[in-house]
Amino acid sequence: MIGRSLHDGRILSPDDCRALLRRVHALAEGGGDTAIRVSSWWHGELRWARNQIRTLSDRRDVRLTVIRTVRNGRDGAVTTNQLDDASLEAAVRAAERQSRMGAKIGRGVGFYPQFPHYEPFPNAAIWSDATFEAAALARAEVARRMIAHAEAQGMLSAGYLEVRAAMTATLGTEFPELRTGEHAFWEQPYVRWTQAQGSMTVRNAAGTGSGWAGLSSYDWRRIESASGALAERAVQKCVASQDPVALEPGRYTVILEPQAVADLMEPLIQSFNREPPEMGLTSPWRLAYDEALGLWRTKLGMKVVDERITISHDPADPDQGIVMHPLDLPEPVTWIERGVLKNLGHDWATEVEKLKGWHAVRGADAYRMSGGDTSLDEMIRTTRRGLLVTRFSNVAVLDGESLLSTGLTRDGLWLIENGQITKAVKNFRFTESPLFVLNHIEQLGEPVPVFRPTKREGDRLRPAIVPPVKARDFSFTSVIDAI
Amino acid sequence: MTISRRQLLKYGFKIGASAAALGALPRPLYVDLGDGGLEAVPPIESERIRELAFRAVEAARDAGAAYADVRLTHTRMRRITAAGDIGDEEQVAVGVRALVAGRWGFASSPMWSRDEVARLGREAAYQAKSAAVGPAYEVVLADVPVVHDEHWTMPVEVDPFEVSPFEIADYLAALTNFVSRFPGHRSDVASANFYVQEKAFASSAGSYCTQRLYRTEGELSLAFEGVRRRLDALTPAGMGWELFTGQELREEIRRLMGELEEDAKLPVKPVEVGRYEVVCDAISIATLLESTLGTATQLDRVLGFEANASGTSYFSDPLAMLGSHQVGVPALTLTANRNERGAAGTVRWDDEGVESEEFTLVRDGILADFQTTRESASWLAEYYRGTGRAVRSHGCAVAPSALEIPLQHVPNLRLAAGPDDLDFDSAIAGVKSGLAVRGLVVDVDFQGGAGLGRSGLVYEIKGGQRVARVVGAGFLFRSAELWKDVVALGGHGSVQRFGMMARKGEPAQATYHSVAAPPVVFGQFTVIDPTRKA
Numbered sequence: 003m004i005g006r007s008l009h010d011g012r013i014l015s016p017d018d019c020r021a022l023l024r025r026v027h028a029l030a031e032g033g034g035d036t037a038i039r040v041s042s043w044w045h046g047e048l049r050w051a052r053n054q055i056r057t058l059s060d061r062r063d064v065r066l067t068v069i070r071t072v073r074n075g076r077d078g079a080v081t082t083n084q085l086d087d088a089s090l091e092a093a094v095r096a097a098e099r100q101s102r103m104g105a106k107i108g109r110g111v112g113f114y115p116q117f118p119h120y121e122p123f124p125n126a127a128i129w130s131d132a133t134f135e136a137a138a139l140a141r142a143e144v145a146r147r148m149i150a151h152a153e154a155q156g157m158l159s160a161g162y163l164e165v166r167a168a169m170t171a172t173l174g175t176e177f178p179e180l181r182t183g184e185h186a187f188w189e190q191p192y193v194r195w196t197q198a199q200g201s202m203t204v205r206n207a208a209g210t211g212s213g214w215a216g217l218s219s220y221d222w223r224r225i226e227s228a229s230g231a232l233a234e235r236a237v238q239k240c241v242a243s244q245d246p247v248a249l250e251p252g253r254y255t256v257i258l259e260p261q262a263v264a265d266l267m268e269p270l271i272q273s274f275n276r277e278p279p280e281m282g283l284t285s286p287w288r289l290a291y292d293e294a295l296g297l298w299r300t301k302l303g304m305k306v307v308d309e310r311i312t313i314s315h316d317p318a319d320p321d322q323g324i325v326m327h328p329l330d331l332p333e334p335v336t337w338i339e340r341g342v343l344k345n346l347g348h349d350w351a352t353e354v355e356k357l358k359g360w361h362a363v364r365g366a367d368a369y370r371m372s373g374g375d376t377s378l379d380e381m382i383r384t385t386r387r388g389l390l391v392t393r394f395s396n397v398a399v400l401d402g403e404s405l406l407s408t409g410l411t412r413d414g415l416w417l418i419e420n421g422q423i424t425k426a427v428k429n430f431r432f433t434e435s436p437l438f439v440l441n442h443i444e445q446l447g448e449p450v451p452v453f454r455p456t457k458r459e460g461d462r463l464r465p466a467i468v469p470p471v472k473a474r475d476f477s478f479t480s481v482i483d484a485i
Numbered sequence: 002m003t004i005s006r007r008q009l010l011k012y013g014f015k016i017g018a019s020a021a022a023l024g025a026l027p028r029p030l031y032v033d034l035g036d037g038g039l040e041a042v043p044p045i046e047s048e049r050i051r052e053l054a055f056r057a058v059e060a061a062r063d064a065g066a067a068y069a070d071v072r073l074t075h076t077r078m079r080r081i082t083a084a085g086d087i088g089d090e091e092q093v094a095v096g097v098r099a100l101v102a103g104r105w106g107f108a109s110s111p112m113w114s115r116d117e118v119a120r121l122g123r124e125a126a127y128q129a130k131s132a133a134v135g136p137a138y139e140v141v142l143a144d145v146p147v148v149h150d151e152h153w154t155m156p157v158e159v160d161p162f163e164v165s166p167f168e169i170a171d172y173l174a175a176l177t178n179f180v181s182r183f184p185g186h187r188s189d190v191a192s193a194n195f196y197v198q199e200k201a202f203a204s205s206a207g208s209y210c211t212q213r214l215y216r217t218e219g220e221l222s223l224a225f226e227g228v229r230r231r232l233d234a235l236t237p238a239g240m241g242w243e244l245f246t247g248q249e250l251r252e253e254i255r256r257l258m259g260e261l262e263e264d265a266k267l268p269v270k271p272v273e274v275g276r277y278e279v280v281c282d283a284i285s286i287a288t289l290l291e292s293t294l295g296t297a298t299q300l301d302r303v304l305g306f307e308a309n310a311s312g313t314s315y316f317s318d319p320l321a322m323l324g325s326h327q328v329g330v331p332a333l334t335l336t337a338n339r340n341e342r343g344a345a346g347t348v349r350w351d352d353e354g355v356e357s358e359e360f361t362l363v364r365d366g367i368l369a370d371f372q373t374t375r376e377s378a379s380w381l382a383e384y385y386r387g388t389g390r391a392v393r394s395h396g397c398a399v400a401p402s403a404l405e406i407p408l409q410h411v412p413n414l415r416l417a418a419g420p421d422d423l424d425f426d427s428a429i430a431g432v433k434s435g436l437a438v439r440g441l442v443v444d445v446d447f448q449g450g451a452g453l454g455r456s457g458l459v460y461e462i463k464g465g466q467r468v469a470r471v472v473g474a475g476f477l478f479r480s481a482e483l484w485k486d487v488v489a490l491g492g493h494g495s496v497q498r499f500g501m502m503a504r505k506g507e508p509a510q511a512t513y514h515s516v517a518a519p520p521v522v523f524g525q526f527t528v529i530d531p532t533r534k535a
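Chains as they are written, first to last, in our numbering: chain F, 3 to 485; chain R, 2 to 535.
For the record, the hints were derived by calculation from the structure and aren't laboratory data.
Every value quoted in this text rests on a predicted model; they were computed, and no experiment measured them.
Treat the hints loosely; a few may be bogus.
[Claimed, not checked] Here chain F is said to cover these stretches of chain R; the calculated rule only asks that three of the stretch's residues, wherever they fall, bring their Cβ under 8 Å from a Cβ of chain F:
# : region
1 : 96–109
2 : 309–322
[To be verified] Partial list, derived from the structure: chain F residues whose beta carbon lies under 10 Å from chain R:
#  : residue
3  : Val80
4  : Arg146
5  : Gly209
6  : Arg299
7  : Phe432
8  : Glu448
9  : Val450
10 : Thr479
[Said to hold, decoys possible] Cross-link-like lysine-lysine pairs, in silico, DSSO-like; alpha carbons within 30 Å at most:
#  : chain 1 : residue 1 : chain 2 : residue 2
11 : R       : Lys485    : F       : Lys428
12 : R       : Lys463    : R       : Lys485
13 : F       : Lys425    : R       : Lys463
14 : R       : Lys463    : R       : Lys270
15 : R       : Lys266    : R       : Lys485
16 : F       : Lys425    : F       : Lys457
The beta carbon of each residue, even a glycine, is placed where N, CA and C say it ideally should be.
Chain R on its own, in the form it takes in the complex (with noise of 0.2 Å):
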C-alpha cells in the first residue's frame, strides 16, 4: 500500500495538532511589535525582532554611546515532580547595554515595543555617561567577526515543551514506582527541570544572531538503609526530554541500587585523620575543578573585578604566570568550550556574538590561558601578541536572561584523560592503602586558593578492595599543591560530564555550564575530621 503525499501531510497534521494538544500549554505571552495592537510572541528568526533590536541600538548610538548591544530574550521554565505538580513560566526581556567613554551603562525591562527598546538604548547611555565624569577611561574591546543575521538551534532530539507534561509527570511517577519494587529501596524526589530561551543579539557594529537554547535536568535520589546517593545522570545538560529517554535509566538506576546494597554490608567507622592515598570518583573531580582552577582562570577575578563579590584569584599575576607556572602535573590538560554539543554552558554565540569556540587553560600542567571576554581579552593583548595569537574573546560573556547585564562566568570544562585504562575501581584496585570518595561536596575559600571537601560516601581500601564505610571524613587541600599530587588519572572510558551551576557578580547571577572529567587518585591527600575543633 503507498501512501499519497496527500494522506501523508493530512497525518502529519493530525499528529501535530494531538501534540499540541497534550502539550496543552500554549505560549500565554503577547507583545507589540508596532503592527497594530498585540500578537503573540513570534519566532526568535522573525524579522520584526531584528528591527526591535537595532533599533534599541540605534537609540544607545544617537544617545552618544561608542558602543551598543542588546538582547531579547524569551524564557520558558517548566518544573514537573512525580507527584504531578507542573510549574510554568515564561518571560521576555530586554536589555540593552552602552558604552560611553569607557563606562558601561545598562538598562532592562520586561516589554518588548518599540517605544520601549528605543527608551532602554537611551537610559543605558544616560545611565553610562552619569559615571563618565573625569578623565575617560579605555576599554578596549577585542575585535570580533561581524555576524550576518544568523539563526542556530541547540540540537536536541525532543524538545521538551513539545511532550505533554502529564506524560513526564508519569514517567517520573514511573521511576519512583521502579525504585520502590526493590525491598529496602526508596527515592525520595524525582522532578525533571526545562527550560528554552530564544535570545536575540544585536550590537552596533552590525552583528545580528538568534538561538534557541535548551537546558534539561532531573532529579532523583536513591536512599537504602541509610546510605544515600544521587542520580548524577541528570544532572543540568543542553539537551531536550531525551536526557531522560535516551539513556538507561532505569538500568542505571539498578546499578546504583546494587552499589547501595554493597556498601550497606560494609562496616562503618569513623574517620582517621591523616595522609591518604585517595581515589576521587568523576564527579568530585568535576567539582574540585570548577571550585579551584575553574574559579582561579576567570580573568575578572584575577583582576579584583569581583573583589567585592565573590573574591578574587590565587593566580595574581596573568602576564607573568601565563605559558609557564606550574598548576599541577604534566598529566594535566584543561580545556574549556563553550560549543559541546550536550553540555549545559553551550551556545553558539555568547552574549556579545562572539563564537564559540574550545581554548585550552591549563596544556600539560603549565597555565595556558584565561576565560575571558571581548573587554578582558585585551587585557591580555601582550601576551597573546607576544606568543602570535590574535587577540580575541574566548566567548564566556553570559548573563542569564537579557534583564542581566552579561558578565564573564565558567564555560564548560573539560580535564584530559589519562593514557591507562583505568577506572573508579580498577583505581581502587590499585590502592593497597587509602581512601575512595564519592560525591565530593567542595566549600572553596575566595581567591579558590584552598578548600574542604566533604562527602556521605567515603571507603576504606585495603589491599585494593572497600573493606570499610569511613563516616565524617573531610578533606582539606591547597589548590596550588593538589594537582601536583596527581598520581594517576582514569582512562577515557571514565570520563563523565555533570551540569553545574555557578554564581558571580554584585547583583548576584547563576549560569549553568558542564564539566567532563575523568576519576582521578591523589597521592597525599590531607583528611580531616571537620567538626573536630581546634
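Chain F with its partners taken away, still in its complex shape (with noise of 0.2 Å):
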C-alpha cells in the first residue's frame, strides 16, 4: 500500500510513484488525454530564538493532480492528498466531469507531435544522502553549537536549520503506453532531490547591533562543516555592528559581499525570458519596435553589462544542482557572455526558428556569476571612501524596463575610509538597478556560492554562485532605524 511507504519512505520511492501513475492512469474512463503529476516532499526543520531551540519538526505531505481532458472536453483539474484507490478514483472522475461539463465542439485532442527523450543527467548535483539521513539529533548538535558562538560573546541569536527532500513525476517517459495527446508534453520521470539550509541572526541585548550569516546547498555536509565559520560571522558582523551611525543619502562605491550581489540580482535573474520583450512587454532586454519587420526587437547580441561579467548555468556542475525538466536543454546556458546578452528562455511552445526541436530554454533557476581574484579585503584596502553592505532586505522592482530596484541593507553597514573600516552605519534604503551595479564594476572577487534555498514545499533548488562586488555611485536615498 502507498500510505505504508510514505510512513517508512517520507518521499515516493521509484517503484511507488510508477505503480501510482499506472493505478491513476488506469482509472481515466471515456478515452482523451490523461495527465498525472505527483510530489512528494519530507521536511526536517529546526528553529531557534534567543539562544534557545524552539522547535523541531518533521513534516511530510503528497500531493496529486489529475488533470483529464474527455474529447471536446476542457481540461478537468482536481488535486488530492490521498493515495488509495477510493480517493483516486474520485478524483479522476470528477476531472472528467469537470472536463466534460466544460465541452467546446472541435476541440479535439491529441495533435502533439512526439516528444523528444532527453536523458537526465545521471550525476547531477542534486540529491544527498546525507541530507535525506540527518535526524533531528544531527539538526541540534549543530544548533547548539551555533548558539554557543553568540552565547560567548553575550549575544542573543536565532535562526534556522533544515533538511528536506522532494520527489516528482509526470507520466514519466519510461512508460510510452501512458503517454497521451497534449499533456505528453508535461512528462517528467521520477525526479527527487534534497535540499539543506542553515541561517542564523545575532543580536546584542540592547538591538543596537545584528549580524547574519547563511548557506544553503543540497548537501547537508556543507551545511554542517561550514555552521562554526557561519556561526562566527553573525556573531563578528553583530559585534562590529553595533550603535551605527547615521550617514547622509548619496551615492557611494559600495563593496557588496556575495549575499548582497545575491539578494540585488534576483530581478535581473529572473528577467532572462524571451517571449515578454518579444511581446513588446516590460523586460530589460526589450530593445525596439522594427516598423519594416512588424516585430518587437531584443537586446540579444548586444553588450548589457561590464565585459568582466558572465552568467550561465550547467547541470553538470556540481555546486549547481538544478532539477533538469525533460523538456528544458539538457545543456549548459549562457545568459550573459562577456557582457553580453546571449541566450534568453523560452517556452516550449513559443515558436522560435533556432529552436531544436520540441525543447525549453529555462529561464535562470541556478546560476553561476563570473568573478575576478580580488580578495574582500584587497578591495577594502584600495577604498578610499565607500560602504561594506552584508545583504539586502525587502528588493522590489520599481520599473521593470531598468530593474530599477528599491531595498533595505541588513545585518551590518560599514564605512570605509582610506582603506579601513572606520565606523558602523545605519541602514539605508537603496535606490538602484543591478544593470546600473554591473555597469559600473571596480572589482570581483572569488565567486562563493551562498543562501539563495527554494522556500515553497516541493520547489526545486536554485542555488547560486556568486562573487563580491566592488561598484561605484550605489545610490542610497533614506536612512532607516531599524537594526
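Make the complex out of the two chains shown on their own, each in a separate frame, by following the hints.
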C-alpha cells in the first residue's frame, strides 16, 4: 500500500510512484488525454531564538493532480493528497466531470507531435543521502554549536536549520504506453532532490547591533561543516555593527558581499525570458519595435553589462544542482557572456526558428556569475571612501525596463575610509538597478555559493554561485532606523 | 392548497439531490478510521475523529510530552475564472505538537489513520526530546478554559461548495460582459476563490473542539484609458458565495467606472517632491496599519523570535512601553479580534483551543497590548498582573493547515472611526492644498518602523477639488511619526473592511485576516519620487 511507503520512505520511491501512476491512469474512463503529476516532500526543521532551540519538526505531504481532457472537453484538474484507490478514483471522476461539463465542440485532443527524449543527468548534484538521513539529533547538535558562538559573546541568536527531500513525476517517459496527447509534453520521469539550509541572526541585547550569515546547498554536510564559520561570521558582524551612526544618503562606492550581490541580482536573474521582450511587454531586454519587420527586437547580441560579467547555468556543475525537466535544453546555457546578452529562456511552445526540436530553454533558476581575483580585504584596502554591505532585504522592482529597484541594507553596514573599516553605519534604503551596478564595477572577487534556498515545499533547487563586487556610485536614498 | 409534510420532505429531498448533482464534484477523499477499510472523510463532528485526535495526544503524552495538542484539518479549495476554468484541491492533514522540557516538537503528515496519528504523537515527542539536552527551558502556557466537545460552523449564507461551479463561472463571465458594455471600459481578470476548512483540535488538557471555517475572495480589475482600479469589495472574507451575491456588485462597478471616467479627464502631472497634507482612502490606511502597528505589536517579533525570518519590531521594550508609550494621536484606537462576523481571520477557537475575543492594541494613542498566544501571553504576565488583568492568550495562534505548526499571526484589526461625519470625498473637500491617494502599496522595513508607499492613483488637491492626477509619487514615512501626524479620521460610515494575507515564520506560512479602517488625513506626509536616485 502506497500509504505505508509514505510512512517509511518519507517521499515516494520510484517503484511506488510508478505503480501509482499506472493505477491512476487505469482509472481514466471515456478516452481523451490524461496527465498525472505526483509530488511529495519531507522536511526536517529546526528553529531557534534567544539562544534556545524552540521547535524541531518533521513534516511531509504528497500531492497528486490529475488532469483529464475528454474528447471535445476542457481541462479538468483535481488535486488530492490521499493515495488510496477510492480517493483516486473519485478524483479522476471529478476531473472527467469537469472536463465534460465544459465541453466545446471541435476542440479535439492529441494533436501534438512526438516528444523527444532527453537523458536525465545521472550525476547531477541534486541528491544527498546525508541530507535525507540528517536526523533531528544531528540538527540539534549543529544548532547548539552555533548558539554557543553567540552565547560566548553575550549575544542573542535566532536561526533556522532545515533538511528536505522532494520528488516529482508526471506520467514518466519510461512508460511510452501511458503517453497521451497534449499532456505528454509535461511528462517527466521520477526525479528526487534534497536541500539543506542554515542561517543565523545574532543581535545584542539592546537591539543596537545585528549580524547574519547563511548558506544553502543540496548537501547537509556542507552546511554542517560550514556551521561554525557561519556562526562566527554572524557574531562578528553583530559585534562590529553595534551602535551605528547615520550617514547622509547619496552615492557611495560599495563593496557588496556575495550575499548582497545575490539579493540585488534576483530581479535580473528572473528576467532572462524571451517572450516578454518579443511580445513588446516590459522587460530589460526589449529594444524597440521594428516597423519594417513588424516585430519587437530584443537586446540579444548586444553588450548590456561590464565585459567581466558572465552569467550561466550548467546542469553538470557539481555546485549548481539543477533539477532539469525533460523539456529543458539539457545543455549548459550562458545568459550573459563577457557582458553580451547571449540567450533568453523560452517556453517549449514558443515558435522560435532556432529551436532544435521541442524543448524549452528555461530561464535561470540556478546560476553562476563570473568573478575576479580581488579578495574582500583587498577591495577594502583600495577604497578611499565607501560602504561594505552584508546583504539586502525587501528588494522590490520599481521599473521593469531598467530594473530600478528599492530595498534595504540589513545585518551589517560599515563605512570604509582610506582603506580601513571605520564605523558601523545605520541601514539605508537604496534606489538602484542591478544593471547599473554591473556597468559600474571596479573589482570582482572569487564566486562562492550563497544562501538561496527554494522556499515553497516541493519547489526545485535554485543555488547560486556569486562573487563579491565593488562598484561605484551606488545610490542610497534614505536612512532607516531599523536594525 | 396545502402542502403536506410528506410532500415537503420529498420536495426538499429533490432540491437537495439536484443541488448535489449541480455541485458536481463529490468529496474525493477517503480515510481509514479503523472501522475496517476506507470511508469518505466524515464530517468533522464525527465521534471517530475525536477518538483519532485523542489517540495522537495520548501517544505524545506516553512518549514523554508534558503538554501535547493535535489538529486534524480537511481543506477544500476551489478557484473559478470567468473563462470557465475550475481548479479543485482537497487536502487532509494531521499535525501533533508536543512540549518536552521547554522545547516544542512537531510532526505532521497527510494521513488520517489510527497508526499514523500515534506515530505522529511519538514523533513529535521525539523531535522535542532531540533538542532537550542541557538545562530545561521554561515554557509557561497561559491558562485557558477547557473546551468540552464543542462545534462551531462559521455562519455563511450560501456554502460556495453547494453552488455549481458552472453557475459561478457564468456569473463571473456576466460581470465582465457587463463591464464591456460600457465603451472604453474593460475588465482584465475575474475570478473567485473559495476555501473551506474543517478542523478538529484536541489537547492534553482535555479540550476538544471542531470548526468549519470558510473564506471567499474575488478578483475583478477595471481599466479605462490607462487608469486601473481593483474592486476592493471582493477582498478575502469569512463568508460564502454571498460575498458576491450579497452586495450590489454592479452598482459598485458602475460607481467605480464613473470614478475612472472622472479620473481620466484630469490632467496628468509628474510628482513634485515635498511635504503635503495627504488624504488616504480606507484601503490605504488598512495597508499602512497592517505594515506598521499590525507588524510591530506581534510580541514574538518584539522579543526576537522572528529575528532570523521576517524581522523584529520598532517597539523594543514591551514591559516598559505598555500603558505609557505614545504611538499615535489621542484619537487613535486600534482594536484586534478574531471573532468579527465576516472577517477573514475569524474563528471560534484559535489553534491552541483559545476562544476568540476582542482586545485593544492601542487605546487613545497609547500602546495598550500585544498580539499573543498561550506561550507569549505569559511573557507579559508581570504587566497583566500589575494592571489587575488575567494572564491569558488573545488567541492569535494560527497555521494554514495541520501540516504547519501554529505561530502567532496577525488577527483582524480595526481602527476606530473619528467623531465627525467624514469620508474620502468630504475629507478632500476640506483640504486647501495637498494630495489624495487610493490603494497605497506599502513596502515596510523589517521592524515595521519605516516604509515607502506607492500608488497608481494619486490626486492633486487645490481648494478642496481634485485638479490633477499625479504620477510617480512615493510616500515615505516613519511609523513612530506617521500615526502622530493624523489630522482627521473618517467617520463611522466611511469605515471599510478588507481581507489581507500575511506571511511569517520559517518556513514561511501565509494566513488571512481582515483590517477595517476609515480614510485618514495626515498633516505632513513626505512625498518623494521613488525612482529618483541619490
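query = Does Lys485/R pair with Lys428/F here, judged by a C-alpha cut-off of 30 Å?
reply = Judged against 30 Å, a Cα distance of about 24 Å means the pair holds.
ask   = Between Lys463/R and Lys485/R, does the CA-CA distance stay at or below 30 Å?
value = 24 Å, holds
key: Within 8 Å of chain F's CB atoms, at least three CB atoms from the region 309–322 of chain R: coverage verdict   = With 6 residues closer than 8 Å to chain F, the region 309–322 of chain R meets the three-residue bar; holds.
query = Given the hinted pair Lys266/R and Lys485/R, is their alpha-carbon gap at most 30 Å?
reply = 35 Å, violated
task = Go check the region 96–109 of chain R versus chain F for me, would you? Three or more residues, Cβ under 8 Å, otherwise it fails.
result = Result for this restraint: holds, n = 8.
ask   = At a threshold of 10 Å, is the proposed contact between Glu448/F and chain R supported by beta-carbon distances?
value = 27 Å, violated
request  = Have a go at the Arg146/F hint: is there a Cβ in chain R nearer than 10 Å to its own Cβ?
outcome  = Check passed: Cβ of Arg146/F comes within 7 Å of chain R, closer than 10 Å.
key: When the least beta-carbon distance from Val450/F to chain R is tested against 10 Å, hint result   = 21 Å, violated
request  = For the hint on Arg299/F, just tell me whether its beta-carbon gets within less than 10 Å of chain R.
outcome  = Violated: closest Cβ of chain R sits about 25 Å from Arg299/F, beyond 10 Å.
ask   = Regarding the hint that Val80/F lies at the interface with chain R, is the smallest CB-CB distance below 10 Å?
value = 5 Å, holds
query = Would the hint on Gly209/F stand, with a C-beta cut-off of 10 Å toward chain R?
reply = At about 5 Å, which falls below the 10 Å cut-off, the nearest Cβ of chain R leaves the hint on Gly209/F intact, so it holds.
task = Report holds or violated for the interface hint on Thr479/F, using the least CB-CB distance to chain R and a cut-off of 10 Å.
result = 5 Å, holds
Comparing the model with each numbered hint stated earlier shows that hints 6, 8, 9, 13, 15, 16 do not hold.
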